[in-house]
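Undergrad: Protein chains in written order, with the working numbering: chain A, 1 to 414; chain B, 415 to 730; chain C, 731 to 1022.
The hints are simulated quantities; they were obtained by calculation from the structure and are not laboratory data.
Do not take every clue at face value.
[Unchecked claim] One-sided excerpt, in silico: chain A residues whose CB lies under 8 Å from chain B:
#1 Phe45
#2 Val88
#3 Pro94
#4 Arg96
#5 Leu100
#6 Lys103
#7 Asp106
#8 Thr118
#9 Ala126
#10 Pro144
#11 Asn187
#12 Asp188
#13 Lys192
#14 Pro193
[What the hints assert, rightly or not] Sample of chain B residues lacking proximity to chain C, with all beta carbon distances greater than 10 Å (derived):
#15 Pro493
#16 Ala496
#17 Ile592
Think of the CB as a built atom: it goes at the ideal place given N, C-alpha and C, for glycine as much as any other residue.
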Amino acid sequence: MVYRITRRGSIKAVSATIGIGTLGASGRVAAQTQPSVIFGGTIPFSGRWAEIGQSVHAGYQTVVKYVNEVKGGIDIGGKRHRLELRLVDDASDPQRATTLLQKQIDDDVRFFLGSYSTPIILPQVALTERARKPMVQAGGGGDPIFTQGYKFVFGMYPRASRSAFPAVDAFEALSPKPKTFTVVYTNDPFSKPQGLGVIERLKEKGMQVVKVFELPAQLQDVSAVLTSVREDAPDIVMCLTSDQNSLLIARQMAQSRTDVKMLFTSLGPQAASFREALGKYAGGITCISTWSPTFPYTDPIFGSTAKFAEYYRANNTLPLIYHQGTAAACIVAYVNALQTVGRTDDPIAVRDALAKLDIESLYGRIKFTPQGDGDPVLMGSAVTQVQGGDIKVIAPERLREAAPQWPIEPWSKR
Amino acid sequence: MARRITILLLAVLLIAALAILPFFLKAFYVRVGLSIFLSAGFAVCWWLLAGFTSYYSFGHTAFVGIGAFAAALALRAVPEAAPALQLAWALGAGLVVAGGIATIIAWPILRLRGHYFTIAMLAVALVLGEAVAAFPVFGGSTGLALPNLAPMSVRVEAFFYWIALALLAVVLAIAWAISRSRLGYGLAAIREDEDAAQMLGVPTTRFKVVAFVLSGALTGSIGAVYALNLGYITSDSVFRGSLSLEMIVNSLVGGMGSILGPVIGAAVMTGVTKLVLADLLEYHLAITGILIIAVVLLAPDGIVGLWRRRRAREAE
Amino acid sequence: MTALVQTLVNGLLYGGILSIAAVGFSLIFGVMSVINLTHGIFVIGGAYGALVAWSVLGIDPLLSIPPLMLVAFALGWGCQRLVIQPAVERGNPVAALLVTFGFTLIAVNLLTVTFSSSVRSISPSYSFINLRVGDISIDLVRLVAFACGLALIAILGSFLRFSRWGRVIRATALSELGARLCGVDARAVYALTFAVASAFAAASGVLIGMMLPFTPAEEVTWTVYAFIVVTLGGVGSLGGAMLGGLLLGLVSTLTQTYLGAVYTNMVMFLILLVTLLVRPNGILGSAFKASR
Chain A
1 MVYRITRRGS IKAVSATIGI GTLGASGRVA AQTQPSVIFG GTIPFSGRWA
51 EIGQSVHAGY QTVVKYVNEV KGGIDIGGKR HRLELRLVDD ASDPQRATTL
101 LQKQIDDDVR FFLGSYSTPI ILPQVALTER ARKPMVQAGG GGDPIFTQGY
151 KFVFGMYPRA SRSAFPAVDA FEALSPKPKT FTVVYTNDPF SKPQGLGVIE
201 RLKEKGMQVV KVFELPAQLQ DVSAVLTSVR EDAPDIVMCL TSDQNSLLIA
251 RQMAQSRTDV KMLFTSLGPQ AASFREALGK YAGGITCIST WSPTFPYTDP
301 IFGSTAKFAE YYRANNTLPL IYHQGTAAAC IVAYVNALQT VGRTDDPIAV
351 RDALAKLDIE SLYGRIKFTP QGDGDPVLMG SAVTQVQGGD IKVIAPERLR
401 EAAPQWPIEP WSKR
Chain B
415 MARRITILLL AVLLIAALAI LPFFLKAFYV RVGLSIFLSA GFAVCWWLLA
465 GFTSYYSFGH TAFVGIGAFA AALALRAVPE AAPALQLAWA LGAGLVVAGG
515 IATIIAWPIL RLRGHYFTIA MLAVALVLGE AVAAFPVFGG STGLALPNLA
565 PMSVRVEAFF YWIALALLAV VLAIAWAISR SRLGYGLAAI REDEDAAQML
615 GVPTTRFKVV AFVLSGALTG SIGAVYALNL GYITSDSVFR GSLSLEMIVN
665 SLVGGMGSIL GPVIGAAVMT GVTKLVLADL LEYHLAITGI LIIAVVLLAP
715 DGIVGLWRRR RAREAE
Chain C
731 MTALVQTLVN GLLYGGILSI AAVGFSLIFG VMSVINLTHG IFVIGGAYGA
781 LVAWSVLGID PLLSIPPLML VAFALGWGCQ RLVIQPAVER GNPVAALLVT
831 FGFTLIAVNL LTVTFSSSVR SISPSYSFIN LRVGDISIDL VRLVAFACGL
881 ALIAILGSFL RFSRWGRVIR ATALSELGAR LCGVDARAVY ALTFAVASAF
931 AAASGVLIGM MLPFTPAEEV TWTVYAFIVV TLGGVGSLGG AMLGGLLLGL
981 VSTLTQTYLG AVYTNMVMFL ILLVTLLVRP NGILGSAFKA SR
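Between the sequences and the hints, there should be enough to build the whole structure, so can you do that?
TA: Here it is in structure tokens:
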């Protein structure tokens, strides 16, 4: 009984897939003559990570659309190839994510892109590793992805525990030098190692960490934390928090007039909606920008970061933030590796080419560590500050767009 | 008697047929099978309590989480043991720890009835999930990695497929045995009218506790397999409200009136959401929602109920 | 000392929001004995409604409350009549729960498709004004939201207490059979209850949207909080929802200050569990249908 129902289900599924396939094909008959490179993977289109999933998806789509429609494909081994995405919704559910990824491995998809969040990506990596197929991803920064000897996974960021180092280094370079820090992080697989890494780094540099707050993963109210911050009056408050949590913290700080000389929130000010929501109170807040559309890089596919941003905005309504940039860079890295190898049927050779990759792209330098994560110096984030309603790079030196505003204006003077 | 033997034979044949399937199927279909067995296992465990006694737990993910974390933490103690031993150790840890915690909470929580019990179980799941995340000893917030226990010569998905199938068979056998025992009749009496049952001399508390602990312990052992199969767990991924809801949805869609209901429900819902709707990126949630509403309104006794009704009509 | 007073003030303000966000849930649970999983979606829906009114039409969130309540009232009525009532009539309490779950899936999906799942927030000009009383700092928005919440609860309370329909709702909650014998159309009462509850959920959503950033997925949080508040205070009683919300707000900020913020949720859930075990009817509640 059970078996029969499964069979019927699978037959339906197969016919549904064929149906969708034919439908799509009829729309692009002319292009059918070109072979295509298929990128598989899952995306959290619903559930907890849906918000970021949509951005990541838009980033992938932009490169594919540009390559196919504007450039007429890419050259691999002397032949024009189209790019094709085959992404399904994992609903932020790891069990679903692995099951659906297995289907693509079975269907002989050779190259994988990342979903979002370490709890989803890590079980998937176990599958792709076993199948010896590469995954280039910008969604999982958790240390265990890179510390278990996996060879086929590459990440666009330095692993979580190292990812906020640039901010500490930038603050150390301020003058007068800040002395006291309060560190706030949420209790989840990304923020916590990030926060612990920051504390370690601060101590290494001889700075004083006056208090550490470990908060629940989803915040509703931080008034109690802020009461304590007002008492301690540290020079800098560093929050390793998601966009939503950062917005809540910054808002409540402004509302309660909790003044510090510098407020840092790892994620948040990158998004225009964050800056609009805070208005003049966003001024001076710093964050790490893994990527910003204003970066002055050249790119093998789009020509430059600015041209990527221009093309993206002409085709999308979703605001352009770093998720789109890092996601796009995953495909740029793949294209480069594929061109080096010169064929599309050898995932192991492509993996080796990825490991050796050292190029400049719309995202910046792409060079992975031997463990697969982004090089902490070359691929480390820029530190940005909200100035005049926009974000401006204040560190590192080579990317600097504006001098840091330090200390920031008290809330009541705005 | 003859009928019982026929059923037993059919069951053995069916399990044997399912067990050889991985040799013919692509890995994806084996994984769908694995997903079905895990969901069906969870649903039957939930049904062990709810179906017999109509104590609807809204927080059975608590036992999934306990089993998963017990297995992960237990495996840290024996990193060098042979994989087969480790597997038994992890399953045992899931079973015993979940069963133990179920025993501790059984008496106080089973005093509650109706919606109160339902909500109290939700609270248990929430408290445990938060505790596992908040206290660093459990490592629930940053997550725990589990070793891969599948032998090199065996495909990993087939390996877990067989384990999940075996566990499902065990759980079904236990449920079937209970339904034919004094315990089963006692539990059914509790379902129909708990106060009357007590007055007639059914040891209601003891029976309820036994059903609750069995349900929790078995859920814990399947939770251990769930964790081993994923290879990495966080408090969020195993103490997940949607896991509790899935058990309820699967049982109701299949039909609460029969032991096969939860299994059929799990097979149908997994098939629909992972096979038919998997390729729809944007609207699969809404379609799933419509399906659930349709089943509740059109087939209130689930798929099994629908089938029984049709048979009854044909018999007339 | 200042820290303690500040913590208490924050807790009460936050608790007021938790109270108003739970009254709808309490009403449905008390009158219909249905665990209404759509509650959170009406709350979040209210926030999105206010967002549209504010960003597209330029209407102040507070002014958008009455029209949004009307819309939610209509939606709630329709939803109850078309989907939930047929499930309630199946006689299985979990059937109704499942149907509300299915409805929630559809609504979340539609909200996500319409608004995307990006974090949204509503910041009218007065969002950042801060009041100081001695050393105590109070956010104006939270104070306004608190006051509006109290006003709304008072309105609902007098509706239930003094109006004809309010009396009918209370009578049905006490005994459906009794009410029907007196000529009450129970189905109409249920639809009305659900509609009123949805309207107040949406109104609380507007207030929440003014204070906290939100996404469609947030609905789960508000359903769960409603569970805790209602169980703690007592089901089906407005005073209970008030008390439960305020207590929970206090517990939340006190835990944050004196125990560590990471334990906040755990303590809140623990309180839910302990209340159930020690006093299942809640602090102010009396036994209601579902428990018998």
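Undergrad: Now look at each hint and say whether the structure bears it out.
TA: The hints, checked one at a time:
Satisfaction of the interface hint for Phe45 (chain A) is found here, the shortest Cβ-Cβ separation to chain B being roughly 5 Å, below the 8 Å cut-off. Taking 8 Å as the C-beta cut-off, the interface hint given for Val88 (chain A) holds, the closest approach to chain B being about 5 Å. For Pro94 (chain A), the interface hint holds, the least distance from its beta-carbon to any beta-carbon of chain B being 5 Å, beneath 8 Å. The restraint placing Arg96 (chain A) at the interface with chain B holds, with a minimum CB-CB distance near 7 Å, inside the 8 Å limit.
Taken as an interface hint, Leu100 (chain A) checks out: its beta carbon lies about 6 Å from the nearest beta carbon of chain B, inside 8 Å. Checking Lys103 (chain A) against chain B: minimum C-beta separation of about 4 Å stays under 8 Å; hint holds. Because the closest C-beta pair between Asp106 (chain A) and chain B is about 4 Å apart, less than 8 Å, the hint holds. At a threshold of 8 Å, the smallest CB-CB gap from Thr118 (chain A) to chain B is about 7 Å, leaving the interface hint in force.
Below 8 Å, beta-carbon pairs count as interface contacts, and Ala126 (chain A) has one with chain B at about 5 Å; its hint therefore holds. Because the beta carbon of Pro144 (chain A) sits about 5 Å from the nearest beta carbon in chain B, less than 8 Å, this interface hint is met. The closest approach between the C-beta of Asn187 (chain A) and any C-beta of chain B is roughly 4 Å, which is under the 8 Å cut-off, so the hint is satisfied. For Asp188 (chain A), the suggested interface contact is upheld, since its CB lies about 6 Å from the closest CB of chain B, less than 8 Å.
Taken as an interface hint, Lys192 (chain A) checks out: its beta carbon lies about 5 Å from the nearest beta carbon of chain B, inside 8 Å. Hint on Pro193 (chain A) holds. Least Cβ distance to chain B is approximately 6 Å, under the 8 Å limit. Against the 10 Å criterion, Pro493 (chain B) stays outside the reach of chain C, whose nearest CB is about 29 Å from its own CB. Look at Ala496 (chain B): its CB is around 38 Å from the nearest CB on chain C, clear of 10 Å, so calling it non-interface holds up.
Its beta-carbon lying about 21 Å from the closest one in chain C, Ile592 (chain B) satisfies the requirement of being farther than 10 Å from that chain.
Violated hints are absent here; each numbered hint is respected by the structure.
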